[in-house]
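Going line by line, the protein sequences match chains A and B. So the first sequence is numbered by our numbering: it starts at 1 and just counts up by one. So the second sequence is numbered by our numbering: it starts at 1 and just counts up by one.
The hints are simulated quantities; they were obtained by calculation from the structure and are not laboratory data. There could be a bad hint or two in this list.
Distance ranges between label pairs, derived from CB positions [as the list claims (entries may be wrong)]:
id: 1; chain 1: A; residue 1: Gly232; chain 2: B; residue 2: Trp5; range: 57 to 65 Å
id: 2; chain 1: B; residue 1: Asp135; chain 2: A; residue 2: Ser85; range: 26 to 34 Å
id: 3; chain 1: A; residue 1: His171; chain 2: B; residue 2: Val68; range: 56 to 64 Å
Derived list of chain A stretches under chain B, where covered just means 3 residues or more per stretch with a C-beta under 8 Å from a C-beta of chain B [claimed, not checked]:
id: 4; stretch: 116-125
id: 5; stretch: 173-179
id: 6; stretch: 269-278
Backbone N, C-alpha and C fix where the C-beta goes; we use that ideal spot for every residue, glycine too.
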Amino acid sequence: MKTWRMGSGDPQRNAQGRLCHLLTLEGLRDVEIIELLDTAASFLDLGSRTVKKIPLLRGRTIVNLFYENSTRTRSTFELAAKRLSADVLNMAIASSSVNKGETLLDTVDNLLAMQVDGFILRHSEAGAAHLLARHLGEQAWVVNAGDGQHAHPTQALLDLFTIRHLVGPIHERVVLILGDVLHSRVARSLIQGLSILGCPQIRVLGPRTLVPPELVHLGVHVFQDDRAALEGVDVLYALRMQKERMDVQPLPSLEEYHRRFGLTPERIRLAAPGAVILHPGPMNRGVELTSELADGPQALILDQVTHGLALRMAVLARLAGGSG
Amino acid sequence: MVASWDLSNLLDSLSDDLARQLDPQHCVMVGIYTGGVWIARELHRRLGITAPLGELDISFYRDDFSRVGLHPEVRASHLPFALDGRHLILVDDVLYTGRTIRAALNELFDYGRPERVTLAVLVDRGLRELPICPDFVALKLRSHPDEYVKLRGPHPLRLEFLRQDLP
Chain A
1 MKTWRMGSGD
11 PQRNAQGRLC
21 HLLTLEGLRD
31 VEIIELLDTA
41 ASFLDLGSRT
51 VKKIPLLRGR
61 TIVNLFYENS
71 TRTRSTFELA
81 AKRLSADVLN
91 MAIASSSVNK
101 GETLLDTVDN
111 LLAMQVDGFI
121 LRHSEAGAAH
131 LLARHLGEQA
141 WVVNAGDGQH
151 AHPTQALLDL
161 FTIRHLVGPI
171 HERVVLILGD
181 VLHSRVARSL
191 IQGLSILGCP
201 QIRVLGPRTL
211 VPPELVHLGV
221 HVFQDDRAAL
231 EGVDVLYALR
241 MQKERMDVQP
251 LPSLEEYHRR
261 FGLTPERIRL
271 AAPGAVILHP
281 GPMNRGVELT
291 SELADGPQAL
301 ILDQVTHGLA
311 LRMAVLARLA
321 GGSG
Chain B
1 MVASWDLSNL
11 LDSLSDDLAR
21 QLDPQHCVMV
31 GIYTGGVWIA
41 RELHRRLGIT
51 APLGELDISF
61 YRDDFSRVGL
71 HPEVRASHLP
81 FALDGRHLIL
91 VDDVLYTGRT
101 IRAALNELFD
111 YGRPERVTLA
121 VLVDRGLREL
131 PICPDFVALK
141 LRSHPDEYVK
151 LRGPHPLRLE
161 FLRQDLP
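Sequences are here, hints too, so could you generate the full structure?
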């Protein structure tokens with residue numbers, strides 16, 4: 001597995017220690033995360049106004065640079081930037097110069113020559129956002145919107161926001177992450193975020209190949225037995241099973257996965273009363289969870305989307321503010 | 001501290017002026033966080049305005065965002081009424097450069113189009129940087145930029161007038 005090793009200094013901070021990129025939750029202080037979540041909360045009400053835009057980032061230009069497909073993340077970042085009154089350039093990578101062999105940094109240098117202020121980067125290579133941040137320094141800021149199997153900090157932040165907003169204080173809740181934890185950037189970032197905010201118990205459940213015992217090094221409790229894993233859990237976080245990995249990874253079939261680890265009304269009854277279900281989307285109905293649960297009151301999946309917009313506004317406002 | 005005032009008298013006189021010249025029953029009132037909300041609560045009660053009090057946090061509309069970033073303690077603005085066609089009394093504690101009022105007006109118009117906006121402030125300390133003029137003022141001060149006029153509260157409300165160089 002590829003992992004990014006941080007070199008000297010923290011690539012997401014400037015010389016004064018100020019957060020100038022958001023690449024990973026690793027190394028963030030709890031107060032910094034709480035401040036982002038609080039800011040997001042203040043943006044949440046804007047959605048109910050007739051005029052949903054506020055002028056904070058008026059005149060700024062932000063590039064959505066997506067080297068991997070994503071509908072939800074790309075569109076919520078775009079909408080977040082627009083609600084802050086920034087101009088957004090969406091790079092259609094598949095049809096761009098990348099296919100002509102232009103490297104990431106060349107692409108970015110060309111965009112920088114057009115005086116853009118910030119980049120939102122999704123890339124299949126772990127460490128791509130770090131590479132970009134080091135390249136840019138303080139010329140422009142970078143938000144990591146998912147890099148390979150490494151990190152997806154804004155997804156984790158919106159998950160933390162959802163738990164804190166609709167379930168309760170994170171330091172009082174038991175969280176179970178189900179599925180392919182090993183390959184999931186969402187899981188990695190979420191585990192980091194939960195740890196920083198003092199989650200008393202982070203559990204993972206899934207096939208042995210996807211939740212190997214070594215995961216304890218991340219501070220999690222590894223389960224292969226669903227009954228033990230579910231007992232007393234407040235938050236059930238179902239990861240997306242990547243069908244495209246089925247061919248190359250030693251996974252059971254999707255049917256087998258659902259039978260052993262999928263969330264069903266019966267299985268949910270083993271968790272704490274009032275337990276909720278989160279999913280980073282897009283979900284495979286009938287695999288990670290049943291349709292009945294996906295549409296039921298315990299699922300906070302659409303709340304996560306709403307919160308994602310407010311949270312991404314908070315991240316953009318945090319990075320763009322006070323830099324002039 | 002070089003001076004202190006009886007706030008209760010100031011609030012009474014401000015409230016009396018508003019009652020004399022406006023028709024408070026047909027107005028809505030909005031206070032600007034934090035001090036403006038405290039003053040607005042007092043006026044709202046004294047004037048017996050029936051519509052609930054609105055509260056405005058202008059952090060998202062400040063003009064110094066590029067320089068200083070977002071203030072860590074942003075609260076959500078809360079306007080529990082439709083603004084369109086209403087006479088709105090905007091309340092702040094200390095009027096200084098006028099930038100807060102500029103931001104507040106911009107935010108208010110993102111909620112709707114009031115028929116009229118009247119500005120009532122507890123203190124006008126002068127030194128305006130924008131062409132903004134209050135309609136109702138309880139106390140006019142001649143101040144220097146190095147001085148510091150601040151409302152403390154909410155219980156009790158206390159107006160402080162300090163020189164920066166004093167300990």
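Okay, the hints, checked on the actual structure:
1. Remark: the range hint 57 to 65 Å for Gly232/A to Trp5/B is upheld by a beta-carbon distance near 58 Å.
2. About 30 Å separates the C-beta atoms of Asp135/B and Ser85/A, a value consistent with the hinted range of 26 to 34 Å.
3. Hint check: His171/A to Val68/B, Cβ distance near 31 Å, so the stated range 56 to 64 Å is violated.
4. Taking a C-beta to C-beta cut-off of 8 Å, the stretch 116-125 of chain A contributes 0 residues in contact with chain B, too few for the three needed, and the coverage statement is violated.
5. For the stretch 173-179 of chain A, the stated coverage by chain B is not satisfied: 0 residues place a CB nearer than 8 Å to a CB of that chain, which falls below the threshold of 3.
6. Proximity of the stretch 269-278 of chain A to chain B, defined as three or more residues with a beta carbon under 8 Å from a beta carbon of that chain, is not established by the 0 residues found.
The structure fails to meet hints 3, 4, 5 and 6 from the earlier list, while all remaining hints are met.
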